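Taking the hints into account, I'd like the entire structure generated from these sequences.
There are 4 protein chains.
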Amino acid sequence: MIIIMKPNASEEAVKKVTDLIESKGLTPHLSQGSQVTIVGVVGDKSRLAGSNIEISEGVDKVVSVTESYKLVNKKFHPDDSVVPVGNTHIGPGNLTVMAGPCAIESREQLMETAFAVKKAGATFLRGGAYKPRTSPYSFQGLEEEGLKYMKEAREATGLNVICEVTSAHAIEAASKYVDMLQIGARNMQNFELLKEAGKSGMPVLLKRGLCATVDEWLNAAEYIISEGNPHIVLCERGIRTYETSTRNTLDISAVPVIRQKSHLPVIVDPSHATGVRAYVGPLAKAAVAAGADGLMIEVHPNPACALSDGPQSLTFDAFEKLMDELKPYCELSGRRISF
Amino acid sequence: MIIIMKPNASEEAVKKVTDLIESKGLTPHLSQGSQVTIVGVVGDKSRLAGSNIEISEGVDKVVSVTESYKLVNKKFHPDDSVVPVGNTHIGPGNLTVMAGPCAIESREQLMETAFAVKKAGATFLRGGAYKPRTSPYSFQGLEEEGLKYMKEAREATGLNVICEVTSAHAIEAASKYVDMLQIGARNMQNFELLKEAGKSGMPVLLKRGLCATVDEWLNAAEYIISEGNPHIVLCERGIRTYETSTRNTLDISAVPVIRQKSHLPVIVDPSHATGVRAYVGPLAKAAVAAGADGLMIEVHPNPACALSDGPQSLTFDAFEKLMDELKPYCELSGRRISF
Amino acid sequence: MIIIMKPNASEEAVKKVTDLIESKGLTPHLSQGSQVTIVGVVGDKSRLAGSNIEISEGVDKVVSVTESYKLVNKKFHPDDSVVPVGNTHIGPGNLTVMAGPCAIESREQLMETAFAVKKAGATFLRGGAYKPRTSPYSFQGLEEEGLKYMKEAREATGLNVICEVTSAHAIEAASKYVDMLQIGARNMQNFELLKEAGKSGMPVLLKRGLCATVDEWLNAAEYIISEGNPHIVLCERGIRTYETSTRNTLDISAVPVIRQKSHLPVIVDPSHATGVRAYVGPLAKAAVAAGADGLMIEVHPNPACALSDGPQSLTFDAFEKLMDELKPYCELSGRRISF
Amino acid sequence: MIIIMKPNASEEAVKKVTDLIESKGLTPHLSQGSQVTIVGVVGDKSRLAGSNIEISEGVDKVVSVTESYKLVNKKFHPDDSVVPVGNTHIGPGNLTVMAGPCAIESREQLMETAFAVKKAGATFLRGGAYKPRTSPYSFQGLEEEGLKYMKEAREATGLNVICEVTSAHAIEAASKYVDMLQIGARNMQNFELLKEAGKSGMPVLLKRGLCATVDEWLNAAEYIISEGNPHIVLCERGIRTYETSTRNTLDISAVPVIRQKSHLPVIVDPSHATGVRAYVGPLAKAAVAAGADGLMIEVHPNPACALSDGPQSLTFDAFEKLMDELKPYCELSGRRISF
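Read top to bottom, the protein sequences are chains G, H, B and F. Here the first sequence is numbered in numbering that gives the first Met the number 0, starting from 0 and rising by one per residue. Here the second sequence is numbered in numbering that gives the first Met the number 0, starting from 0 and rising by one per residue. Here the third sequence is numbered in numbering that gives the first Met the number 0, starting from 0 and rising by one per residue. Here the fourth sequence is numbered in numbering that gives the first Met the number 0, starting from 0 and rising by one per residue.
Treat each hint with caution, since some may be false.
Same chains, same names: a pair is fine if it fits in one copy or spans any two.
Stated by the list, open to error - Think about it this way: if two alpha-carbon atoms lie no more than 25 Å apart in a straight line, the pair counts; the simulated DSS-like pairs of lysine-lysine are:
| no. | residue 1 | residue 2 |
| --- | --- | --- |
| 1 | 194 | 5 |
| 2 | 175 | 320 |
| 3 | 74 | 150 |
| 4 | 175 | 60 |
| 5 | 147 | 74 |
| 6 | 147 | 14 |
| 7 | 73 | 118 |
| 8 | 194 | 69 |
| 9 | 150 | 14 |
| 10 | 320 | 118 |
| 11 | 5 | 60 |
| 12 | 175 | 74 |
Hints listed in this document are in silico derivations from the structure and should not be mistaken for laboratory results. Given the structure is predicted, the values throughout are model-derived calculations rather than measurements.
Structure (structure tokens):
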């Protein structure tokens, strides 16, 4: 932690700050210049909790030096993590493709989609049973019935299955039927849910919040891992900006940024990021080229009739074509697309 | 709903769209121009759920005409709501001031603050028992113990008390001790929590999400009201922007915007909006001048030692001074500050 | 300047950094902790231009301690500036109201508006002769003809007049006819224009860029003042965010933030900030309550026929009513509205 | 244009709107529903300039149907443009790589870089002679002297050369020495400069503004093309968001969005977008995979000593390695990297 004093800070003000630091058993380091004085504090920052130095007299600002996330921090855990899920693993060497409908609408819709995405080369079936929708009057999902269809699809196809969970109750239900839990963007800072997901021990896909910084996202992951669950995969799905030509703005830089800051795998969801199916293909390729560990793509037997997010869903044919086109990009990035 | 066709859309494409609309029992209205054709659809939009017209051939874009929130919409409920809470009400004629510490740290801290804010003229005591914190290693709150102190403070001072809830469990606990529930910014789209708050029948303060649009915020309120609970007050607390000189950017325009779009009362939290106590006073005055129904302000016996949000908390003296300065603004806005 | 080393930085890496600092005639101060080493550098930062320490081996990040703007910085010039313009001054004690049409459309329109805003209590007439418009097909302004009408309006009413300038040529022309130059939001980082405005010696109203930080805005002002022209007034006019219910998001916090960081006066333009005339009144009051030194408000004889920004313009009656309502807010803030 | 009436709009209010439309020689189309009435207007929207229908009584909102840019609009000009510059062309089939230092610092620095980027496969040398810098105290460029070095580098290597221009004067000077003009992000809505660039007839690289929407960007291009100059290439260089782990947020979706909305080529600048050299490689690959027509990359003989943007500049070795890695991505996208 670094404390920057105001240009006109008195000697007493500086002394008050250094005394406070020493009183907590830490050592202050002074750098006195012609314009400003800087006080460096190295050590266990948590000892200063409840000492709001930024409002001490004469203090201009306080700059944090170390990240608050530790267990997901690459600085302390330099090796990239491999997250085992079902019959595969997510991380180095693999390109994991999760595909399926935004919402599970019926047994038929799901089974049909499962066989189609399996044939095209996906290794995960995605599908929403609990749908967080902006309006209470929109379709809210089939809940546990949907989870049962997911399990059936898994048994029929050998695909791993993943479902979003929106409450402790949903985690409990999903744990019986699926291979991996998804925490959605709107719940990225639902800390109660993160703790429950941590306790479940299940692999968790943690989507980035609509306006979460990378640091907040990694702190959210820290909530899960600090409960003893290291099986976390991050998913970039677009952030909120002023631009309206896409539903969100895919922050493709998040892929190399996460690679530098954390050891957790990171995948990309170009469907939610853009909201427009014509943009899904180019951005899927971009994500693989940027080094993503996988993709989450919405596929629907008949997008024009989808109850949720139809405009961004690919048809079976379009998905199969995209998977073919992705193969050489996958090879270039040194990853295998199948398990 | 309005469907705008592409300049080169064929007659068949237009017919396909109008046929689809008619098949749902609705009537399309065609406007054919030299460059583009527009199809207007008036009526019950929900009949078109699962008809993703935007991806029909020849369609350029689809524009929604009506808001998806109905019960909180001023267009259909033109009279401003008055929300009764404890021994007072929030809405026209009143300026409700909620004050207290970010986090309840101890019985002493809370009681001392309660008497101080009461003396200065506040009618609500705020205080967090369940704290959603970015890092799992930050202080997380006293939970039910804190709620008990709140009840005690209410009984000792006659203040109404409000606490944030972060789970169904917390709602159940808080309902026993406090007058009003608060849904925090990070949970504004935690739809499970919104539904539970709706079912509780308790008055709810709904903070705006960190990057929620006004429309998403009103849809979140619609989740609560559609469960039969109309006792909702909105709270603007700053939105996320690129500017870093304040913690968030107070969207002061939200006050007149909400006044135009909804009948619900709206208050302002200048403490969380700025994160800097020197800015709390000017923005509190601005909020009252802009027409807010109230204020939420952080007050702490010793901000330098606060376990959460110390830098934005006012001392007792500063709060009392601010309340004095607010009085004439309050009168100008035609509101009474005390109950 | 503070240099934060990576946790695993070698001693040689640290030495390389301190050697580099010493080679520039500066003194490094080391703070060595269990996790990280911090190197403080105090002194003339400009000596390190061209030494990109952030990419030296073992360096995690570099944090700047002092602002790059000096002459407009309150730290070094603590007294609030008073900017003399025409027959008045902008700054402490005064509330300056600039009113008029977005664009000058005709001699009649301008003269009629000038008399109306004068009667209502404005001290400045605003009006655009050079209009920066998003589309080349929108009305671009009357240019020098418009400037002549401004001068005529000044002579007829005694109002001070202000016009936006968009090029060196426009500055030259405007200097002959008006009292104050306006640099618009889109040109806030048109550094050539800033330098020319600095050289002109004319009072300058510097609008905040559409997505400028407060620091970038003050650096833009530094371009003007560093040419020897201290007569600068800042104007907050809304920033770009994701919210669409207003044209821009008025950053009302900018008023107290500027007050803390700079000695320059700051006014607020609620018309451009919101784009909706129903919101202009509440936000004008909020701006005065927050401590602004003035307001810029769009007024038009017939907003429904305005060639630019009609929807946000007030009628003469609405403006007169607003000015009456503003008076008590003005008194509360210790300012006089007339000269 | 579509006019949406308020639910309670009177028949007279609707009639007033339709009368106004008819008075301008246009035909209104009414769609009357149970809740709202919609009025469609098809035809030459410019006839309604100065009729601000949004503020007519009973009007809820007005929705624009067609884009204001015409000449750069793919709807009216479906074939992708090819922009000839110097000895090459930018557009379909080619991947144009522009490389060089942020700022031209000396003849030696520029010549050395020119030979290095040429050897690695670039076809353009970039280098700034007029530098728009946030602070007036930062290095501002060598101006015309720098342009002369650019010409010399072109003659020595056969590379095409491109320079940013920041004023009409700079356009005049640059036209004598370089093959292509660059309009920087900060000047994207400097409309005077756009018009001058249009009049020059020189090929223009138009960078996206720091917070420009895609539509504003295309309107800026329309300023150039409407002066008779169709030789425009767009450059995505990151937009401003709340995220701070990169200097800007690369909006990779802009590539397919532009491809859909306009016939102009679009290239990507990963150096300015991220500000961090470790991220340049992954994002350069992502840009090619997303379909970009080219890349602009900062290269410097000694990034640690660069006077501008050193931290984001690649060394010669790193650039050569990146060019090698880009080759297979280039082939996959069906483009040739050399001329």
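Hints and how they fare:
Neither within a single protomer nor between protomers do residue 194 and residue 5 lie at most 25 Å apart by alpha-carbon distance, with minima of 41 Å and 30 Å respectively. In the homo-oligomer, the alpha carbons of residue 175 and residue 320 never lie at most 25 Å apart, since the shortest distance is 34 Å inside one protomer and 49 Å across protomers. Taking identical chains as interchangeable, the C-alpha atoms of residue 74 and residue 150 are never at most 25 Å apart, the minima being 39 Å within one chain and 46 Å between chains. For a Cα distance limit of 25 Å, the shortest separation of residue 175 from residue 60 qualifies neither inside one copy, at 50 Å, nor across copies, at 42 Å.
Taking the shortest alpha-carbon separations for residue 147 and residue 74, neither the intra-copy value of 41 Å nor the inter-copy value of 42 Å comes in at or below 25 Å. In the homo-oligomer, the alpha carbons of residue 147 and residue 14 never lie at most 25 Å apart, since the shortest distance is 65 Å inside one protomer and 40 Å across protomers. Taking identical chains as interchangeable, the C-alpha atoms of residue 73 and residue 118 are never at most 25 Å apart, the minima being 36 Å within one chain and 36 Å between chains. When the C-alpha separation of residue 194 and residue 69 is checked against a cutoff of 25 Å, the pair qualifies only within one copy, where the shortest distance is 16 Å, while the shortest distance between copies is 35 Å.
For the homomeric pair residue 150 and residue 14, neither the shortest alpha-carbon distance inside one copy (65 Å) nor that between copies (42 Å) is at most 25 Å. For a Cα distance limit of 25 Å, the shortest separation of residue 320 from residue 118 inside one copy, 12 Å, qualifies, whereas the shortest one across copies, 37 Å, does not. Proximity of residue 5 and residue 60 under a CA criterion of 25 Å is satisfied in both settings, with 8 Å inside one chain copy and 22 Å between copies. In this homomeric assembly, residue 175 and residue 74 never come within 25 Å of each other (Cα to Cα): the closest approach is 36 Å inside a single copy and 46 Å across copies.
Figure legend: structure checked against the earlier numbered hints; hints not met, in rising order: 1, 2, 3, 4, 5, 6, 7, 9 and 12.
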